[in-house]
Structure formats: C-alpha cells, structure tokens
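Asker: Residue numbers (the numbering used here), protein chains in the order written: chain V, 11 to 139; chain L, 16 to 398; chain G, 4 to 351.
These aren't lab readings, by the way, just hints derived from the structure by calculation.
Treat the hints loosely; a few may be bogus.
[To be verified] Here are the simulated DSSO-like cross-link-like pairs (lysine-lysine), alpha carbons at most 30 Å apart as the crow flies: (1) V:Lys107 <-> L:Lys263; (2) L:Lys203 <-> V:Lys109; (3) L:Lys28 <-> L:Lys38; (4) V:Lys63 <-> L:Lys38; (5) V:Lys107 <-> G:Lys291; (6) G:Lys342 <-> V:Lys109; (7) V:Lys15 <-> L:Lys238; (8) V:Lys120 <-> G:Lys219; (9) L:Lys277 <-> V:Lys63; (10) L:Lys238 <-> V:Lys107; (11) L:Lys185 <-> V:Lys30; (12) G:Lys323 <-> V:Lys107; (13) V:Lys120 <-> G:Lys320; (14) V:Lys49 <-> L:Lys170; (15) G:Lys342 <-> V:Lys91; (16) V:Lys91 <-> G:Lys90.
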Amino acid sequence: MISPKYFREIPQRYRLEAGKCKKCGQVYFPPRLICPECKAQEFENIRLNPEGKLLTYTIIRVGSDIFSLQTPFAVGIIELKDGVRLTAQIADVDLDKIKIGMSLKLVFRKIQDEGASGLHCYGYKAIVI
Amino acid sequence: MKDVAVIGVGMTKFGELWTKSIKDIFVEAALKAIEDARVDHIDSMYVGCMSSGLFVGQEHLGAVMADYLGVSPIPSTRVESACASGGMAFRQAYFEVASGNSEIVLAGGVEKMTDGADVTEALATAADQDYEVYQGVTFPGLYAMIANAHMYQYKTTRKQLAAVPVKNHKNGFNNPNAQFRSEISIDKVLSSTLVADPIRLLDCSPVSDGGAAVILCSLDIAKKFTKHPIIIKASTQASDTIALHSRKSLTTLNSVSKAAEKAYKIAGITPKQIDFAEVHDCFSIAEIVVSEDLGFFEKGGGGPAAEQGLTALEGGQIPINTSGGLKSKGHPVGATGIAQVIECYEQLTGQAGKRQVKNAKIGMTQNMGGSGASCVINILEAL
Amino acid sequence: MIGIVGFGSYLPRYRIKVESIAKQWGSDPEVIKRGLQLFEKTVPGIDEDTITISVEATKNALLRAGINPLDIGAVYIGSESHPYAVKPSGTIVIDALGIGPDVHVASYEFACKAGTEAMFVAYSLVKAGEMKYALGIGADTSQGAPGDALEYSASAGGSAFIMGKENVVAEILFTNSYTSDTPDFWRREHQYYPRHAGRFTGEPAYFRHVLNAGKKLLDKSGMKPEDFKYAIFHMPNGKFPQMAGKKLGFTKEQLETGWIVPWMGNTYSGSSPTGLSAVLDVANPGDKIFMVSFGSGAGSDGFIFNVTDKIKDVQDKATKVRDMLDHNQIYLDYGEYAKYRSKIILNQ
Numbered sequence: 011m012i013s014p015k016y017f018r019e020i021p022q023r024y025r026l027e028a029g030k031c032k033k034c035g036q037v038y039f040p041p042r043l044i045c046p047e048c049k050a051q052e053f054e055n056i057r058l059n060p061e062g063k064l065l066t067y068t069i070i071r072v073g074s075d076i077f078s079l080q081t082p083f084a085v086g087i088i089e090l091k092d093g094v095r096l097t098a099q100i101a102d103v104d105l106d107k108i109k110i111g112m113s114l115k116l117v118f119r120k121i122q123d124e125g126a127s128g129l130h131c132y133g134y135k136a137i138v139i
Numbered sequence: 016m017k018d019v020a021v022i023g024v025g026m027t028k029f030g031e032l033w034t035k036s037i038k039d040i041f042v043e044a045a046l047k048a049i050e051d052a053r054v055d056h057i058d059s060m061y062v063g064c065m066s067s068g069l070f071v072g073q074e075h076l077g078a079v080m081a082d083y084l085g086v087s088p089i090p091s092t093r094v095e096s097a098c099a100s101g102g103m104a105f106r107q108a109y110f111e112v113a114s115g116n117s118e119i120v121l122a123g124g125v126e127k128m129t130d131g132a133d134v135t136e137a138l139a140t141a142a143d144q145d146y147e148v149y150q151g152v153t154f155p156g157l158y159a160m161i162a163n164a165h166m167y168q169y170k171t172t173r174k175q176l177a178a179v180p181v182k183n184h185k186n187g188f189n190n191p192n193a194q195f196r197s198e199i200s201i202d203k204v205l206s207s208t209l210v211a212d213p214i215r216l217l218d219c220s221p222v223s224d225g226g227a228a229v230i231l232c233s234l235d236i237a238k239k240f241t242k243h244p245i246i247i248k249a250s251t252q253a254s255d256t257i258a259l260h261s262r263k264s265l266t267t268l269n270s271v272s273k274a275a276e277k278a279y280k281i282a283g284i285t286p287k288q289i290d291f292a293e294v295h296d297c298f299s300i301a302e303i304v305v306s307e308d309l310g311f312f313e314k315g316g317g318g319p320a321a322e323q324g325l326t327a328l329e330g331g332q333i334p335i336n337t338s339g340g341l342k343s344k345g346h347p348v349g350a351t352g353i354a355q356v357i358e359c360y361e362q363l364t365g366q367a368g369k370r371q372v373k374n375a376k377i378g379m380t381q382n383m384g385g386s387g388a389s390c391v392i393n394i395l396e397a398l
Numbered sequence: 004m005i006g007i008v009g010f011g012s013y014l015p016r017y018r019i020k021v022e023s024i025a026k027q028w029g030s031d032p033e034v035i036k037r038g039l040q041l042f043e044k045t046v047p048g049i050d051e052d053t054i055t056i057s058v059e060a061t062k063n064a065l066l067r068a069g070i071n072p073l074d075i076g077a078v079y080i081g082s083e084s085h086p087y088a089v090k091p092s093g094t095i096v097i098d099a100l101g102i103g104p105d106v107h108v109a110s111y112e113f114a115c116k117a118g119t120e121a122m123f124v125a126y127s128l129v130k131a132g133e134m135k136y137a138l139g140i141g142a143d144t145s146q147g148a149p150g151d152a153l154e155y156s157a158s159a160g161g162s163a164f165i166m167g168k169e170n171v172v173a174e175i176l177f178t179n180s181y182t183s184d185t186p187d188f189w190r191r192e193h194q195y196y197p198r199h200a201g202r203f204t205g206e207p208a209y210f211r212h213v214l215n216a217g218k219k220l221l222d223k224s225g226m227k228p229e230d231f232k233y234a235i236f237h238m239p240n241g242k243f244p245q246m247a248g249k250k251l252g253f254t255k256e257q258l259e260t261g262w263i264v265p266w267m268g269n270t271y272s273g274s275s276p277t278g279l280s281a282v283l284d285v286a287n288p289g290d291k292i293f294m295v296s297f298g299s300g301a302g303s304d305g306f307i308f309n310v311t312d313k314i315k316d317v318q319d320k321a322t323k324v325r326d327m328l329d330h331n332q333i334y335l336d337y338g339e340y341a342k343y344r345s346k347i348i349l350n351q
C-alpha cells in the first residue's frame, strides 16, 4: 500500500467517516464530490454507526497473495444502521455458523501487511454481536 | 448512421498458449479475420484488452498491435473495460463504421494471462480496489456473494448452478477452438474444490490465453466481400456502480437489464425473438442472473430454467452459450467479447457445425466487466 | 484529586490451553499447570496486534470516562510488541479514535512494565497541570519461543487508563519506582524471540524489584497491607504474584480479583494494568488498591489508588474483564496457534 494513498483513506478506514448529502440526505461511504441521486455537491461529514446486518457473504478459500495466510476467511456485505452498505471481513466467527441477517458490529483490525518491510494496513472488520 | 455488417472473423485456440506471446496471439487472430473477410486493407483497428500491463508489462497496446500487424500508420485504439473490453472494442469499431468515418475496421481482443503474473490480483482490479479488494474480497468472492443472495432470495439451488457448466462443456465439446473439450457431470462440479463458497472450481471460467478478431464494414459495401454479411441491429452499453455493495439490488445486474432494454428497443424486437445468445458466464451464477436480466426468464427463474434444459442446444427454448461459453471455450479476458460475436457470426452463417442452432436468424451477445459494472450487448441478424 | 477517569480493557477471544502446547513438546501438562499455576492463555487473531488491542481497550475506557476524545492531550502506549520499531503505535491509535492532532504521543518500552510507565507519565502530566486528560495504555501480543517455558504464558491483551482531574473514579494517592541494571530477560534488536536467564529471573529480578518497590511504597504512604482491599502484582505466571503478595503481608483474598493470569496468561505490558482493570470492574467506593508492576531489565512501578464514589457510575458502561475471560472463547490447537503467531517458516 503506497503511503500517500493509505494516508488519504485513514478517515474512512479508521473512523468510518462518510458524506451526507446536504440536499437529499443520502449518505455515501466513502464520501463523494457529487451526489449521484440529486447531483448536489455539498456534503456534511458524519461518522457511521458501526452496527448493522449481514446481507450476503462468502468464504474466501483462494485469496490473493497478500491474504493467502488468512484463508479461509469470511467476507460479507453489511448494511449499517445509517443505510450505508459496505464490504468487510467477518472476524472471530465459526465459518459454519454465518447466516444472512446476522447482527454485526464493525471493529478496528489489521487488514493486511505490505510484505515484511512495508506498512501495516488497518481498517474495519465485522464481528458477530 | 449507416448499417454495419460483420464480414469476416478469426480467432486462435483458447488455452495455455505457452509458445505464443501476446503479439503473436493478436496478430494470428487478426490475420485470420482479414483473410476470412477477403479485404485487402483495413482503415482502423481496435484492441480490447483488460490488463496487458499487469499480465505482461506492456501498455500502449494499440500501437504495439498496429506495428506487429504491419498496418501502421492506421489509427489503432486500445479499449479497456475489464472483462467487457472485447465487447466495448467491438462497439467502438461499430461506431467508426456507422458514422462513415472509416470503411473497413478491425475489432479485436486479446489477453495473455499465463506468463506468471498474480492472476487473482490482476483480475481483482476489475473490482473496487479500495473498498472491496483491500478488504480481501476476490473476483470469485464477489460472484459468490451474488450467488448466496440469489439463493437466499429465490431459492436457487447449488445443483441448478452446476447445470450451467455441465451444459457449456457439452457445447464446448464441439468447438474446435475451445480450451476444454470434455464433458463434465453435475457430481464432478459439486465435488470440485471450493474457491469462495458456494462457488467451486468447476463453476469458474478458466485462466486462458487467446485472441479473436472480426472485420466490420458498412452494409452497402459488404456484398463486395461476402455473400452472407451479418448485420449489427443494435450495439448498446450501460454502466453500474463499481462496488457490489453500492448496487440497488444484489441479485439484479442493472447494467445488463438497462443495456438489454435499449438493445431490444433499437432492434425493434422482444426477448422471445432472440434465437440464441452468447452470455458472460464468468461464473455459473452469472449466466443464471444474466438469463433473467436479459428478459429470457423472470427473476428467480434462471436456476430452474438451466436445470430443466431450457437453455440447452438440443430442445432448448433459448440456447445459451452454444460456443461452450467462457467456462468451456476459455476466457482470455479481452478476447471474450469478440469471441462471442464470432460464435454469433458462425451460427447466423450456418457454419457452427455440430453446435448449429436450427433456423438461427437473430443472435445476441452479452459481455460484462467486473461484477457487472459495465455491460455491452449486441444484437446481430442474418440478412 | 487526580487519578483514573476512565478505564477499559480488551482481550482477544482466541485461547490455547496448556495441554495443547505441552502435547506439542512432549511435556506433562499437569506438572506445568501446577508449576506455573495457569491453565490457558489468550492468543491474538491474525488481524490483531498491540495497536488494534489499544484501540479497542481505549474505546471501552472512553465509554466509561464519557469525555470528548479531543480533550486528551497525550497518548502513551507501553508494549514490548509495538508493531513498528520506528513509528509509535500511538500515532495510529489517535487517528482511529479521533484524538488530536493537538496531542503528545510516544511509545514506551520496558519489558512488562512499559504499560505502568505510560500510566505514570500520563498521570504526571495531568498532575503538573499540563493538560486536562492523558491516556496511558499497556498492551502486548508477546511471543514465547517455541518449546520454551515462556510459550505457556506469553499472551495478548491490554488496558487503557484515562487520567484526569474531573469525575475521578480511582484517585492516585502515591506512586514510586525502583530500577536497576539487572539482566534477567532481554531482546536484542533484530532478534525474533527474547532471551532470559532462567532462575535468575526470580529472586534477583522479579522479587528484588517488586518487594523493594512494594516496601518503599508502603513506607512512603505510611499505610499497612491490612489497609488495602485489593493488591495486584505483575503476573508472569500464577505463582510469582502470590509469593510476592505473601512476602509483603497481603492475603490471598486481597489478590484474588486481580489474579487473572490463570485464564489470561501473561499479557506483559498489559498484565498488572489488566489486573487493575478487573479490580476496578467490581470495586466499591472507599476501597484502597495496591499495585506493583515489574519489567525485566529491570524495574517496578508502584501505585496506590483510592476508589471514589464515582466508580459505580461507570463500571457497567463497558465490558468487564471477567466477562472477556469467561465468555466467547475460541480454542485453538497448536498448529492454528503457530500459524496465527507466525511461527511457521513460509516460502516468501
């Protein structure tokens, strides 16, 4: 992960900062410059509520090189209480017990390592609540 | 806009082409197409390719291929839209002829995937790098999430998913250019290695090298080159959100339904009038969802339709992927969209041999990128 | 009144039992359990480290403190497993929690007492009037060399303490420290595992520093062991803190609540801090708490706390240590443990 790019994403990865359209109220994560719904270009910075429900998921058994040590692991699409949907790993869970509709909460975890000498890259993962 | 016709086609075998470079592959396909069309020159060319940069370290592919095809200084344009690169190259070529800007245009596609690059990583660039791939999702993972949502919502079964690769292998058996020419059974699919639950190895299109090319010209001069020009009735394109999680529905591919709606309108036909279709079965679930979003079956009906043989070559209501599809024919990413057009051409000119659909008059191709963020649809008709 | 305004802990859910490690090396688990007086330890997930543990522990501390993170003027983290050798863990923790950028940050290192060092400095800054609140964290994901005695106890976890002057739940009455050059356990730069001097780590190291710091703290305060409701000592295993407590005149009952090592293992910089957190989870107003940490190399930090009547308002606002120890455990076998702890040589 190149440093400037990683640094730019910190507000989203660490604090779940999203943009709420001042005109129509749609929330976007990550924030955008223009609202696809109403085309307005003014947003309010908000922090997402980390709780939500699991809409769909899969268990990755063959991952890219960076994740090869972590397989098998679960990833899913989670709909948060603010209505925002995002993709995240589901951590600390029995892979056989995952069910669509489960209540989850986002927590701070390490997502990947850039090899042996690069950055530790942090972000959000979901745990079952 | 002028009417545009396909007047010649050519492709390499799809598979692990260890002795051929990306240039060899593209030029071989292009030369075959030029010979098939019996043209003595081309005015412009398009090269569809997803990721020559990541796979073989070479960009600027338009120039590279014009050089190696020996046709410099004609304009040569690289087109990229992940797995829809080929279809999109075709559509751009179509416009160049339809606008009257060029008389004879080559639309080609190529991908060289076996030179040692991390294929999972390269293909993942078709997804949202920052909010999907960063989290560890892979390409099969995205389609697996679509599959799980589709199975949850419509009770599509694991066995229905397996019916798709079984059918496509049966068709591909009769395709001399296919990567895999072997039949497989439902059991074999269901016992293959899990890649991303519920997707197994035999649900997935393979890693392939290959090239394909077609020659387009305006209908008014097509008869100079061939007795059987095939007309492009419609060539449409649509986009959707890059991330699966941003979609309005997890079980409908909006780019497909929007492009299809427009294509039917332009061609003045309904889904029922399509005689056969080449669709983008990158994973078995993709063919099922697409068959619904193209209007062949209602939402949730794609699984049962595949299971009941409604999309089979023999006795099917709407034969899908008579070429073997991406699964059996192979999926050299950039070439796929063009190869789909080639299958349509062979069907509509009665040259599909054992794969022939009887009385094939109107065919459709559906090519899409990533998890459906882009889609190109063509409707082709025999004159 | 200056002291702890908010406290919180985080322990990973993964565990490994002494039996699983003993089986791997052909040792008798019963002998080990008797000798070390611990029977399982926490293991960090592949996606957990001192930084993620610090973030989650601090979230709990913030829930209890009820303060605006922007009012925290310093974040100090003590650990012997900071993820970066150069780049303080605190720089990531502050951005994760929305603290700063007007904030002091540094990493502390002193084997197992780096956490209490961080707590001491945080407290001192508030006492000096430099800032409204300061955060001191002790957290670790330490490694025990395969087959070594330390492999049974080196575990993961951490606790965070927000120091301040308002709404103090545990006032800090006295502190002290006792340090010398005692080479009982160390790790050279670029070495993967630490080395230790066997039995030398006992009497000349742990006991000399803990007992001296403890005695001098009692002298300084003019208090006697009977004055305290709770006593917490650094817990490298179950035995040492009990022996130290006894030598200083404390009873088993006084040690019991903070003696969490049999279930947690030795979380190094998180050891006595998490023992303290477990005590604060259940303490009552007026309770006096005696705590002495120990870090190899070597040194001990002492603290005397007086629990205030504000404690009852905050205990239930975040998950308690006993809950973390007793519920939702995920047990690993040695192979899984080795994979999670990167003890397997990979083809890279």
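Asker: Now tell me if each hint is right for this structure.
Answerer: Hints and how they fare:
no.: 1; hint: V:Lys107 <-> L:Lys263; verdict: holds, 27 Å
no.: 2; hint: L:Lys203 <-> V:Lys109; verdict: holds, 27 Å
no.: 3; hint: L:Lys28 <-> L:Lys38; verdict: holds, 15 Å
no.: 4; hint: V:Lys63 <-> L:Lys38; verdict: violated, 49 Å
no.: 5; hint: V:Lys107 <-> G:Lys291; verdict: violated, 45 Å
no.: 6; hint: G:Lys342 <-> V:Lys109; verdict: holds, 27 Å
no.: 7; hint: V:Lys15 <-> L:Lys238; verdict: violated, 55 Å
no.: 8; hint: V:Lys120 <-> G:Lys219; verdict: violated, 42 Å
no.: 9; hint: L:Lys277 <-> V:Lys63; verdict: violated, 35 Å
no.: 10; hint: L:Lys238 <-> V:Lys107; verdict: violated, 64 Å
no.: 11; hint: L:Lys185 <-> V:Lys30; verdict: violated, 51 Å
no.: 12; hint: G:Lys323 <-> V:Lys107; verdict: holds, 26 Å
no.: 13; hint: V:Lys120 <-> G:Lys320; verdict: holds, 26 Å
no.: 14; hint: V:Lys49 <-> L:Lys170; verdict: violated, 37 Å
no.: 15; hint: G:Lys342 <-> V:Lys91; verdict: violated, 35 Å
no.: 16; hint: V:Lys91 <-> G:Lys90; verdict: violated, 35 Å
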